[in-house]
Amino acid sequence: MNPVECAFESEVLAAVLQSRWPERVDSKLRAHAASCSICSEVVAVAGAFDGSIEALRASAEVPDASRIWWQSQLRARREAVQAAGRPITTVQVIAFACAVGLLGACFGATSTWFQSALERIASNTAGFDFAAFLTAAGTLFAEHGALVLGLVAIVFVVPTAVYLTLARD
Amino acid sequence: MTKRAPMFRDTTFNELSRTSTLADVATEFVMDEDAFRGFYDRNARGLWAYLARVTGSREHADDLLQETFYRFLRADATHESETHRRNSLYRIATNLAHDARRQSAVRAPVISAGEEIENISSGDQAGATERSADVTWALKTLKPRERAMLWLAYAEGASHDEIAGMLGIRVASLKPMLFRARQKMAALLGRKPDGGKL
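In order, the protein sequence lines correspond to chains P and W.
Under our numbering, residues 1 to 169 are what the first sequence spells out, in order.
Under our numbering, residues 1001 to 1198 are what the second sequence spells out, in order.
One thing to keep in mind: the hints can contain errors.
Each computed SDA-like pair below joins lysine to any residue, with the alpha-carbon atoms no more than 20 Å apart [what the hints assert, rightly or not]:
#, chain 1, residue 1, chain 2, residue 2
1, W, K1184, P, E5
2, W, K1184, P, S40
3, W, K1175, P, A14
4, W, K1175, P, F8
5, W, K1184, P, Q92
6, W, K1140, W, E1059
7, W, K1175, P, S40
8, W, K1184, P, S37
9, W, K1175, P, K28
10, W, K1184, P, C36
11, W, K1143, W, M1177
12, P, K28, P, C6
13, W, K1184, P, C6
Covered stretches of chain W, going by a simulated chain P footprint (3 or more residues, C-beta under 8 Å) [claimed, not checked]:
#, segment
14, 1060-1073
15, 1076-1089
16, 1092-1103
Source of the hints: derived by calculation from the structure; they are not laboratory data.
The C-beta atom is built at its ideal place from N, Cα and C for all residues, glycine as well.
I would like the entire structure built from these sequences, with the hints used as guidance.
Pasting the structure below:
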């Protein structure tokens, strides 16, 4: 099996990286590298990189350290705020869903008018009468005005509040 | 050339002004600003060159550089030495480059190795550009991991232990991989008119 390492490899590499190769190295090391396939490859590859690395580094337009530091601080804060706000948002959405469900269940269970209206709607779906619907809506509002307003507020205000919270985050 | 959206989201000035009011949220990093500044100044250009070589794109290197330093700070890890700290930084960069390559492979092949690296705009232009183009040409045919290990070993001068740590592989596995990658690279450079000569 062919060796994958040479004992002089690191010495040759150091000479190339320190720009001592080939003039300022021992002649024995040069002779070894000329006869060793591993060391000659190291010279070829490291020499090629050495020719481009300085130019590449010099051409890099890296941001100032202070800017990176400042942005990292702010981004960390923002992520901390988002992480802290996430459970609150989740609780809000769940609470909203529970509130609507509970309200609907109470209303449906306690209001005989609502149940009879449902039955009427079910029996009259084929022939929908807009005038009768308006009359029924008016009756509903007259008898349960506060409840209807509360329901409307929950249906529209809470989702809007949740949306605005999420949008701001 | 069309303007490409940054791979990682940058902080806008509106966000800066808004989040700067959230002073009550703790954001202490293990490293203080002065220490970070010194560490950044010592490593940023070298890391950028590494990322440019591994991703094959200056723009991706710009994006990944900032993201790497951010994640390094956020990691809040304590390091035994400067070398250990630097190895962690390069490991983060390597992982980010790997993730970016996978993402771009899913979206579109935006990372094509080495297309833009030779756009060197300073220094001794003609020679530097030509040398860089030769290296770019050769690296283009290698796998990303081969590019990374060759650059770390023969441009950065990292030891086998360090490279293994940065790339997340075992030292015993690294040696034959590095050997094969170096053979390929040397052969490719030998085909170029001014490839590495003894």
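Hints, one by one, checked against the model:
1. The straight-line distance between the Cα atoms of K1184 of chain W and E5 of chain P is roughly 16 Å, inside the 20 Å bound, and the hint therefore holds.
2. With a C-alpha separation of about 13 Å, the suggested pairing of K1184 of chain W with S40 of chain P holds against the 20 Å cut-off.
3. At roughly 18 Å between alpha-carbon atoms, K1175 of chain W and A14 of chain P fall within 20 Å of each other, so this suggested pair holds.
4. A distance of roughly 15 Å separates the Cα atoms of K1175 of chain W and F8 of chain P; the hinted pair therefore holds under the 20 Å criterion.
5. Distance restraint check for K1184 of chain W and Q92 of chain P: the Cα-Cα separation of roughly 60 Å exceeds the 20 Å cut-off, and the hinted pair is therefore not satisfied.
6. At most 20 Å may separate the alpha-carbon atoms for a hinted pair to count; K1140 of chain W and E1059 of chain W meet this at roughly 17 Å.
7. Taken as a hint, the K1175 of chain W and S40 of chain P pair is honoured in the structure, with Cα atoms around 17 Å apart against an allowance of 20 Å.
8. For the suggested pair K1184 of chain W and S37 of chain P, the alpha carbons sit about 13 Å apart, so the restraint of at most 20 Å is met.
9. For the given pair, K1175 of chain W sits about 26 Å from K28 of chain P by alpha-carbon distance, which is inconsistent with the 20 Å threshold.
10. Using a Cα cut-off of 20 Å, the hinted pair K1184 of chain W and C36 of chain P holds, with the two alpha carbons roughly 16 Å apart.
11. Proposed proximity of K1143 of chain W and M1177 of chain W is supported: the alpha carbons are some 11 Å apart, at most 20 Å.
12. Straight-line distance between C-alpha atoms of K28 of chain P and C6 of chain P comes to about 15 Å, which keeps the hinted pair within the 20 Å bound.
13. A distance of roughly 17 Å separates the Cα atoms of K1184 of chain W and C6 of chain P; the hinted pair therefore holds under the 20 Å criterion.
14. Proximity of the segment 1060-1073 of chain W to chain P, defined as three or more residues with a beta carbon under 8 Å from a beta carbon of that chain, is established by the 7 residues found.
15. Counting residues of the segment 1076-1089 of chain W whose beta-carbon sits less than 8 Å from any beta-carbon of chain P gives 0, not enough to reach three: the coverage restraint is violated.
16. A stretch counts as covered by a chain when three or more of its residues have a beta carbon under 8 Å from one of that chain; for the segment 1092-1103 of chain W and chain P the count is 0, and the coverage is violated.
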